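Reassemble the complex: the two chains are provided individually, in unrelated frames, and hints are given to aid placement.
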Amino acid sequence: MKTDTPPPGDDAVLPGPGALTSRASERPERPARRTKEGEGKVLNVFSHGVLVLWAIMVTLPLLWAVMTAFKDNRSILSSPWSLPDSLHFDNFTRAWTEAQIGDYFFNTVVVVGGSLIGTLVLGSMAAYVLARFEFPGNRLVYFLFVGGMSFPVMLALVPLFYVVNNIGLLNTTHGLILVYIAYSLPFTVFFLTSFFRTLPTSIAEAAFVDGASHTRTFFQVMLPMAKPGLISVGIFNFLGQWNQYMLPTVLNTEEDQRVLTQGLVQMTAVAGYKSDWSALFAGLVLAMLPVLGAYIVFQRQVVQGLTAGALK
Amino acid sequence: MQHGKYRFIVGFLTVPLALYAIFVVWPFIQSIFYSFTNWSGLSPEFSMVGIDNYTRLVEDDVFWKSLWHSVLFALLVPLVTIGLALFLAFMVNVGGRKRRGGPAVTGVRGSSFYKIVYFFPQVLSIVIVALLFQFIYNPRSGVLNALLSGIGLDAQPEWLGDPDLALWCVMAVVVWATVGFFVVLFSAGMASIPAELYEAALLDGASRVTTFFKVTLPLLWDTVQSGWVYIGILALGAESFAVVQIMTVGPGGPDYSTTVMVLYVYQKAFRDGQAAYATTIGVALLVVTLAFAALVMRLGRRERLEY
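Sequence lines, in order, name chains A and B.
Taking the working numbering, the leading residue of the first sequence gets 1, the next gets one more, and so forth.
Taking the working numbering, the leading residue of the second sequence gets 1001, the next gets one more, and so forth.
Bound-form chain B, shown alone (with noise of 0.2 Å):
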């Protein structure tokens, strides 16, 4: 398969190159290099300032701020939603009636079903998921808080509007959107683990507990460890930066209690005219993204079971 090849791959590798090349590496490398410079992006002027920009971004409690929540992000988003969906998911797959004569563990009636349910969050955008939660927490004439006084509570939190709270309320929108998501795949990957393995543990005496942590857990850890990545990433990246940016006052706010590195970097960079600023931190973000993604994959790293 000689004939013409390199005309071929050139001709078929050129368009999406040049576009890739265009509109995501050369921003990519732009922005590490305006982060060294004093560009306000409202004018083409611009000069070179060292690491006056790095020396600011460790000055500026904002930063710290938002640094800590989306490191908050990247470590509880994900513990919580894949511990639930692990859960869930468990319970779908293995929680079932062992019926006379069936297999040894059998899925609860029904799982399909809550499958499909439990999945319908994920086919929805995140903004008409924060839009609704926006409602939902509206302190006057939002649903949770009719519920608490309708249960007999009086306590009427503020949610989205009392900075104790607010970071929160807005996490756990990013987990009730994404655990199905969860649940799903860990099912898949129940599915494919051999039946026998669940009777040789249950024959031997083990628990159902004792089976998900000794047989479950460590047949699924390569899932496990990549969805912990990708959502990871999501609650670093895009995901917290609609959630914040929709939901909350300022946004970022009360009082900066909300405040993630991604809205942070769109703040200064397009509200406030400091695009070599916001690249700064954009950088920082690129840093904290890496450095997640290495240590879960270092953390996670385990010999692997074939089976």
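Pulled out of the complex, with its shape left as it was, chain A reads as follows (with noise of 0.2 Å):
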């Protein structure tokens, strides 16, 4: 961390040895303190510059990518960095009809819906009695579901493929939606259960000596206290669900029935012949702007959501 130039708008004068040499020159009182407060500086520019360059990494391939969304085919070819030369809104309409974006879309839609409700119902359901009851085999089961987090999928979509097929259920939306829930199931098991173990006991207790059934307990006192960790483990859910690939490249192969993913790796392949680059960009850009929009505007909770589980 050499200090050739100073900071603009500094008059301090920096010490020559950065951070990790200022060691040396801490003995007499007042150069000590200067190294202290010039080492501060120079951290100060150097982080701003790190965060900066990264901050532009992450976000020039996707504004390129709005960009060229709006360019027509020759110039995306041809100059990748130019300016599109007015803005070809036909790209996304294209996109949406032709390329069949929108109907993914709505594909997508129906499946993330039915496989979000039914994995919260479900996951909800198997943890607040694995949280709260004792009884024999308690343990067993929850290691069960816990263990499946750190099993390769691959390994069991193979045999998974030819079990789907047999009970008629390949390439059908609702097939696609149970195993959607299965494979989430771990997950969201293993936060509701550390989950309701944090919730206090007494509510459910007087709810029960108040004639309430266990079921009903539940669905009226525990589910509503719990919303926090539902919704936590809800957007995480979500956008596994949404951002599939691997669980619908097998299991979901027939044309009309394509989720997004799916669908943009296919428009790719045609793409390629047809070579309509712009109405991919422009697919791309439709099936990005949605989530992006809507972490920005939910961005406290994403967050929470997503990094909860690692956090525990």
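Honestly, the hints are just simulated from the structure, not real lab data.
Remember, it's a predicted structure, so these values are computed and weren't measured experimentally.
Any given hint might turn out to be false.
If you want the footprint, here are the derived chain B segments under chain A, 3+ residues with CB under 8 Å [claimed, not checked]: (1) 1005-1012; (2) 1017-1028; (3) 1117-1124; (4) 1177-1186; (5) 1232-1244; (6) 1275-1289.
Each residue gets a CB set at the ideal place from its N, CA and C atoms; glycine is no exception.
Following this line, the structure appears as structure tokens:
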């Protein structure tokens, strides 16, 4: 960390050695203080530089994709950095209708909507029983669920294809929903079990004493209390299921059933021989923007939902 | 709370457990069984062949290549991602200028802005990210080579077309897509470290670098470790499948230079009609995954610090 150029607007003289060697000059009182302050300033300039650089590296590809989505096919290939000559909005209409991004979008909404509700209902039911009731086999069932988090899904996918095929659920929406739910259960049960354990027992007991059944206590007392946990794990599962690629690639191969991620990959193959790259970029942007928009609006909840599991 | 307890437990557990057993547990057990058969996956007939598939595995050059690539994925992607994320998170949270009378350590100005932006790739599908970077790497009309010639460099690498570069290109995409998540995760961890600890360290004359290694990292260790396992499992499984399958030629090429185990399982089962052999590779993948998790937990074991 050599500091040849002092940061602009600072009259303080920066000492030569930077942060790593500041110890040597610490013995006399005053220079030591200056070194400390200098170190802070060097670090400040340096850290801003690094942080801005990474911010550019993250946003530049995304901005480039948005810009490219407005260009025509020829200029995409000949000059990837140039601005669009005019805004080709027709790229988006072509992507939405001809390349069926609209249909894929609708399929994804149905599949993810169904599996998200199913995951939350079934996951919280199992987690509640495992967190609150003593019974033989409780630990076994819990570890059976939780163990699923570290197993490679691809190993199960080979026989799963034939399991799903044999019960006649291959290439059906409800079949895909059931599989999504099953593969979302491990994390959901793991997360919600520890969440239900943190909730106070007294309220549920009071409801029970007042004559509510276990089932009623769960739906009317415990679930409303568990709302923050349900939101966190719901966001986690929503993003995981919305962005899912491996499961539909294997289990959902019918053309008109495709979900968004499959549709985009398919579009790339088609764009290859039709050379309609602009529609592909428009499709990518159409798939990207709703999620990014929702993230910016619900930023705090999304971050909480996605990091909650790892912080436990 | 005894009344009707068991009926309730059975009623609540049956559906989730049945779903999980049919679609997750049962296929797992089956796949281990199938690895001892010669099942093609195309017809229901098969016979037991003992450990034939495993001896074939040992002699399969492509398998060893895919194993090596998966191991590289599991070791390098977490190392680079977590290293970079720790560095950025430290800069965001502790890199701020000291204000007179303010706390000893502060985040940089705009720290929440950085955290929001860094998180962008995390909410996008890895599919979108992979497709986007496929274009960026395109040797003829991609942005990267246009950038290189723009700054006056003659080198025009083939990127994904070059067997020596392709794997690194693919790994870089996974790193790009995951760093932001860990910056945010570690930031949350750093925020819960009491400011007095930093103040005491700085008062004792510790530099920021020393502070990072002696205060921040030890107190953050649990988060780092569980994050390490999390991203390692992703790098062995779903993430590497998506990026390799979508971005590389073949997929898995050129010349098997990017084939990872999870892709090899997929290709053997659903492209080559060798389901039994595919499950054998899958069992090897399971062994690698569990070994990786055990290794990280063991190497990372430390005395838990309470604060």
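Hints broken by the structure, by number, lowest first?
none
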